[in-house]
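Dock chain B against chain A, hints included.
2 protein chains.
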Amino acid sequence: MLHVKELTLNIPDTTKPRVVIIGGGFGGVNLAKNLSGKEFQVVMFDRQNYHGFWPLLYQVATAGLEPDAIAEPLRKMFDEEYEDFHFRQVKVTGVHPETKTVSTLVGDLPYDFLVIATGTKSNYFGNEQIKQYSFPLKQIPDALNLRSQLLQCFEQANMIKDPEVRQSLLNFVIVGGGPTGVELAGALAEMRKHVLPSDYPGMDFSRMNIYLVEGLDRVLPPMSPESSQTTKEYLEEVGINIKLNTLVESYDGKVVTFKGGEQIKTQTLIWAAGVSGAQIQGLPPEASDRGRYLVNTFNQIIGFPEIFAIGDIAFMKTEKYPRGHPGVAQPAIQQGKHLAKNLRHIIRREPLEPFEYFDKGSLAIIGRNRAVADLPKNKHLKGFIAWMAWLFVHVYYLIGFRNKLVVLTNWLYKFVTYENSTRLIIRPYIRKDDIAGQEFVRKQADLD
Amino acid sequence: MLHVKELTLNIPDTTKPRVVIIGGGFGGVNLAKNLSGKEFQVVMFDRQNYHGFWPLLYQVATAGLEPDAIAEPLRKMFDEEYEDFHFRQVKVTGVHPETKTVSTLVGDLPYDFLVIATGTKSNYFGNEQIKQYSFPLKQIPDALNLRSQLLQCFEQANMIKDPEVRQSLLNFVIVGGGPTGVELAGALAEMRKHVLPSDYPGMDFSRMNIYLVEGLDRVLPPMSPESSQTTKEYLEEVGINIKLNTLVESYDGKVVTFKGGEQIKTQTLIWAAGVSGAQIQGLPPEASDRGRYLVNTFNQIIGFPEIFAIGDIAFMKTEKYPRGHPGVAQPAIQQGKHLAKNLRHIIRREPLEPFEYFDKGSLAIIGRNRAVADLPKNKHLKGFIAWMAWLFVHVYYLIGFRNKLVVLTNWLYKFVTYENSTRLIIRPYIRKDDIAGQEFVRKQADLD
Chain A
1 MLHVKELTLN IPDTTKPRVV IIGGGFGGVN LAKNLSGKEF QVVMFDRQNY
51 HGFWPLLYQV ATAGLEPDAI AEPLRKMFDE EYEDFHFRQV KVTGVHPETK
101 TVSTLVGDLP YDFLVIATGT KSNYFGNEQI KQYSFPLKQI PDALNLRSQL
151 LQCFEQANMI KDPEVRQSLL NFVIVGGGPT GVELAGALAE MRKHVLPSDY
201 PGMDFSRMNI YLVEGLDRVL PPMSPESSQT TKEYLEEVGI NIKLNTLVES
251 YDGKVVTFKG GEQIKTQTLI WAAGVSGAQI QGLPPEASDR GRYLVNTFNQ
301 IIGFPEIFAI GDIAFMKTEK YPRGHPGVAQ PAIQQGKHLA KNLRHIIRRE
351 PLEPFEYFDK GSLAIIGRNR AVADLPKNKH LKGFIAWMAW LFVHVYYLIG
401 FRNKLVVLTN WLYKFVTYEN STRLIIRPYI RKDDIAGQEF VRKQADLD
Chain B
1 MLHVKELTLN IPDTTKPRVV IIGGGFGGVN LAKNLSGKEF QVVMFDRQNY
51 HGFWPLLYQV ATAGLEPDAI AEPLRKMFDE EYEDFHFRQV KVTGVHPETK
101 TVSTLVGDLP YDFLVIATGT KSNYFGNEQI KQYSFPLKQI PDALNLRSQL
151 LQCFEQANMI KDPEVRQSLL NFVIVGGGPT GVELAGALAE MRKHVLPSDY
201 PGMDFSRMNI YLVEGLDRVL PPMSPESSQT TKEYLEEVGI NIKLNTLVES
251 YDGKVVTFKG GEQIKTQTLI WAAGVSGAQI QGLPPEASDR GRYLVNTFNQ
301 IIGFPEIFAI GDIAFMKTEK YPRGHPGVAQ PAIQQGKHLA KNLRHIIRRE
351 PLEPFEYFDK GSLAIIGRNR AVADLPKNKH LKGFIAWMAW LFVHVYYLIG
401 FRNKLVVLTN WLYKFVTYEN STRLIIRPYI RKDDIAGQEF VRKQADLD
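So the sequence lines, in the order shown, correspond to chains A and B. If you're matching positions, the first sequence starts at 1 in this note's numbering and goes up one per residue. If you're matching positions, the second sequence starts at 1 in this note's numbering and goes up one per residue.
Hints are not guaranteed to be accurate.
Remember, identical chains collapse to one label, so a pair may be satisfied in a single copy or spanning two.
Cut-off 20 Å, straight-line C-alpha distance, at most; resulting in silico cross-link-like pairs (SDA-like, lysine to any residue) [as the list claims (entries may be wrong)]: (1) LYS193 <-> ASP79; (2) LYS161 <-> LEU109; (3) LYS404 <-> PHE415; (4) LYS161 <-> LEU105; (5) LYS76 <-> GLN149; (6) LYS5 <-> VAL165; (7) LYS404 <-> VAL416; (8) LYS121 <-> GLY367; (9) LYS320 <-> PHE298; (10) LYS377 <-> GLU350; (11) LYS377 <-> TYR211; (12) LYS76 <-> ARG192; (13) LYS404 <-> LYS414; (14) LYS243 <-> MET203; (15) LYS33 <-> TYR200; (16) LYS320 <-> MET388; (17) LYS33 <-> PRO201; (18) LYS161 <-> MET203; (19) LYS76 <-> PHE415; (20) LYS33 <-> ARG218; (21) LYS16 <-> ASP84; (22) LYS193 <-> GLU80; (23) LYS121 <-> ARG349; (24) LYS259 <-> ARG166; (25) LYS76 <-> HIS345; (26) LYS5 <-> GLN149; (27) LYS131 <-> ARG166.
These aren't lab readings, by the way, just hints derived from the structure by calculation. None of these values were measured; they are calculated from a predicted model.
The following block holds chain A by itself, in its conformation from the complex:
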């Protein structure tokens, strides 16, 4: 690969208004799909070359799906049918509203309209130690790394001398009782019941503990109290240790200490506790509120009528959503589609339409026949019907016909056999602390 200085963005000049979209997630993709190349030149930047379907990421981490099944190459989604669309796999380094320019690792580009759709990143609330030692679950490499970690814990628990250290390999602490934490805990419990006892015949899996730690007083705080209660019962049925009203004080890679003093020895702390907006340098602090860009109902960032923010990075305060929209796919999808309409209005000098979120409901899965759903009009589903709804919705929204096929194949296979199939240990990257301390992984990988 080349040095950065040899590269250039190489975007053709245009007389059409140029829309630059930063991020190929739910917001960015749905915006770009709805902008016509006849009216706009559309440029999309992303550090990755794929669009990930993050609601299924926890299944990659728990060996249920291969990473390629939940992601779609952005260039495949935007093929030659999309006239004057330009994707560049490059990191954006800054925004310069005064010159209407965006900077990337390989050069600058002027824009007419800039759309920030960068989503969120893990938020460790300033705790560098937790950042260093915990396992995040935001990106595909995170999921592959966590999958390898889980499986290596069992391999090593099978070879350990000291019973106390063995227990620390079999303790899994998930911090954060939102959908990611709940679904991950449920999937781990299914592995413990169906897969691991046959993989490790000599091991006693009644000793494997799964802790789900939540700072608030219920799991799935964004969902209804009814669904929270059902979820808590389901989690207890499958043997999850739930710790509510509990905050993490510190984690040194071996022991997690909670505020209040309680400690658990664990080699694996999964951090699903919080996210903050993945902001771009260059906008003043007044434009943000706790890491999200303040936008009006047209998704314009306050003070910057040509710069928009959509999805998780946008904070649109409305009467119904005084704390902004929930951080899930639907608001991003709907804002992306809606902004396409408003950009057309702008260039046609028509009045803009305010965004209104249509809540289609929300779902969470704990395991086979165990799921919860909040529907509009305060209706709730649970059990088999919610489980079927979860499966259907996730396959329906998954991008790409091949991905739908592969995911259905895997789920059908798992339904019949109870097997999580993709149990390969492939470390996608070596973390800094691996290089320093994880002698075992390093020595194993050390090729002659």
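What follows is chain B alone, placed relative to chain A:
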């Protein structure tokens, strides 16, 4: 993860003869499947926790299959049905025939019978520079790394200033005209024709060059001259530049120089030129011949009746195969099964049976409707019928029902759409020279 000193192999004591198998490839797996836990205690060591189906590895590298589809977790293959079978994911560091002990990273284990089934590793013929800069294709992380490299070359070629450097990104040099090199070249040619022009609408793919370099005077030297000739014609039809009788002198990451002086500028040199046995320390040099263990027809290593070598690491000189058996799956599979029989003979004090290789034929694929097959009795197939045979044989031998399903789904999808679907850039590891020189990859990955 833990420090090595905290671990131990933790294999139960036994009164049965203990067979220690090093390597979970075709040989090791077929041996273990045919040894009864009633008669033997079977211990298998592998650095990976999966059995890979390497004949399909090139499809992972060219974005046709996900890695999980061509590999099966060893613990899944050997579940609780296999009595007294013990898998340990650990690196073997040495053999001590005098004490009948094998050493691993986490401890020693006495054996009654030791079976070395470690296969091969890439052979760079002592050229450290080529080892550092070229892309091997032996393991799943290699394939993921090569896939990312290929896709990043196109991303960067799209953003490059200098036309000469752009050309070096679009030159792909495959060294080695054996099955891996030929199949990889064919798959790259299909991508160039069907996938890339729609992914990169502005780019001129007539400038993309695929070179296949072979030191001997024909491609596929292990196959019949007829199949070599057909393969050469197929490769030329799909636009591969074949260079026969050509040896690589050096490669510095930018320019490959051939013996004779010719040079090609390329960012991607794929090394499929040679392998050598992945030997274990501790046996005397007389027991080996150019990296393979010399074995008798019972697969016993010369001078060590309790140590066996099977598959690619074994060199069994016979009248029909004076240079050993071909380095493909079938001899390993057959030797594994056969050795199980002979180990039973040994403990029952019965005479051993000499191994005889049954050549079922060999196959290679270049692309849709383009394949070659050598059958027993000097029969040859080509074209559609050989292509169908290739597809059938590879699905048939692939381990695991889920893998068969997923591979068939992918192939069917590709057959209809001409798409290589798994085009995600996920770097599985950072190579030493990435850290030093690959500024672009590093800066992109540098999270805030």
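Hint by hint, here is what the structure shows:
Only between protomers do LYS193 and ASP79 lie at most 20 Å apart by alpha-carbon distance; the minimum there is 15 Å, versus 44 Å within a single protomer. With identical chains, the CA atoms of LYS161 and LEU109 are at most 20 Å apart between copies only, with a shortest distance of 15 Å across copies and 59 Å within one. Taking CA atoms no more than 20 Å apart as the test, LYS404 paired with PHE415 passes in both settings, with 16 Å inside one copy and 17 Å between copies. Proximity of LYS161 to LEU105 under the C-alpha cut-off of 20 Å is restricted to the inter-copy arrangement: shortest distance 14 Å between copies versus 49 Å within a copy.
When the C-alpha separation of LYS76 and GLN149 is checked against a cutoff of 20 Å, the pair qualifies only between copies, where the shortest distance is 18 Å, while the shortest distance within a copy is 31 Å. Within a single copy, LYS5 and VAL165 get their C-alpha atoms only as close as 49 Å, which misses the 20 Å cut-off; across copies the closest is 12 Å, which meets it. For the identical chains of this complex, LYS404 and VAL416 are neighbours both inside a copy (18 Å) and across copies (16 Å), given an alpha-carbon limit of 20 Å. In this homomeric assembly, LYS121 and GLY367 never come within 20 Å of each other (Cα to Cα): the closest approach is 27 Å inside a single copy and 42 Å across copies.
Taking the shortest alpha-carbon separations for LYS320 and PHE298, only the intra-copy value of 16 Å comes in at or below 20 Å, while the best inter-copy value is 79 Å. Proximity of LYS377 to GLU350 under the C-alpha cut-off of 20 Å is found in neither arrangement, the shortest distances being 34 Å within a copy and 79 Å between copies. Within a single copy, LYS377 and TYR211 get their C-alpha atoms no closer than 33 Å, and across copies no closer than 63 Å, so neither meets the 20 Å cut-off. In this assembly of identical chains, the alpha carbons of LYS76 and ARG192 lie at most 20 Å apart only when taken from different copies (14 Å versus 37 Å within one copy).
Taking the shortest Cα distances, LYS404 and LYS414 sit within 20 Å of each other both inside one copy (15 Å) and across copies (14 Å). Proximity of LYS243 and MET203 under a CA criterion of 20 Å is satisfied in neither setting, with 26 Å inside one chain copy and 55 Å between copies. Within a single copy, LYS33 and TYR200 get their C-alpha atoms only as close as 48 Å, which misses the 20 Å cut-off; across copies the closest is 17 Å, which meets it. Taking the shortest Cα distances, LYS320 and MET388 never come within 20 Å of each other, neither inside one copy (30 Å) nor across copies (60 Å).
For a Cα distance limit of 20 Å, the shortest separation of LYS33 from PRO201 across copies, 17 Å, qualifies, whereas the shortest one inside one copy, 51 Å, does not. Taking the closest pair of Cα atoms, LYS161 and MET203 come within 20 Å of each other only inside a single copy of the chain (13 Å); across copies the shortest separation is 59 Å, beyond that limit. Taking identical chains as interchangeable, the C-alpha atoms of LYS76 and PHE415 lie at most 20 Å apart only when they sit on different chains, with a minimum of 17 Å there against 30 Å within one chain. For a Cα distance limit of 20 Å, the shortest separation of LYS33 from ARG218 qualifies neither inside one copy, at 38 Å, nor across copies, at 49 Å.
In the homo-oligomer, the alpha carbons of LYS16 and ASP84 lie at most 20 Å apart inside one protomer (10 Å), although the nearest pairing across protomers, at 71 Å, exceeds that limit. Within a single copy, LYS193 and GLU80 get their C-alpha atoms only as close as 48 Å, which misses the 20 Å cut-off; across copies the closest is 14 Å, which meets it. Taking identical chains as interchangeable, the C-alpha atoms of LYS121 and ARG349 are never at most 20 Å apart, the minima being 36 Å within one chain and 66 Å between chains. Taking CA atoms no more than 20 Å apart as the test, LYS259 paired with ARG166 passes in neither setting, with 25 Å inside one copy and 56 Å between copies.
In this homomeric assembly, LYS76 and HIS345 never come within 20 Å of each other (Cα to Cα): the closest approach is 29 Å inside a single copy and 58 Å across copies. Only between protomers do LYS5 and GLN149 lie at most 20 Å apart by alpha-carbon distance; the minimum there is 19 Å, versus 37 Å within a single protomer. When the C-alpha separation of LYS131 and ARG166 is checked against a cutoff of 20 Å, the pair qualifies neither within a copy, at 24 Å, nor between copies, at 39 Å.
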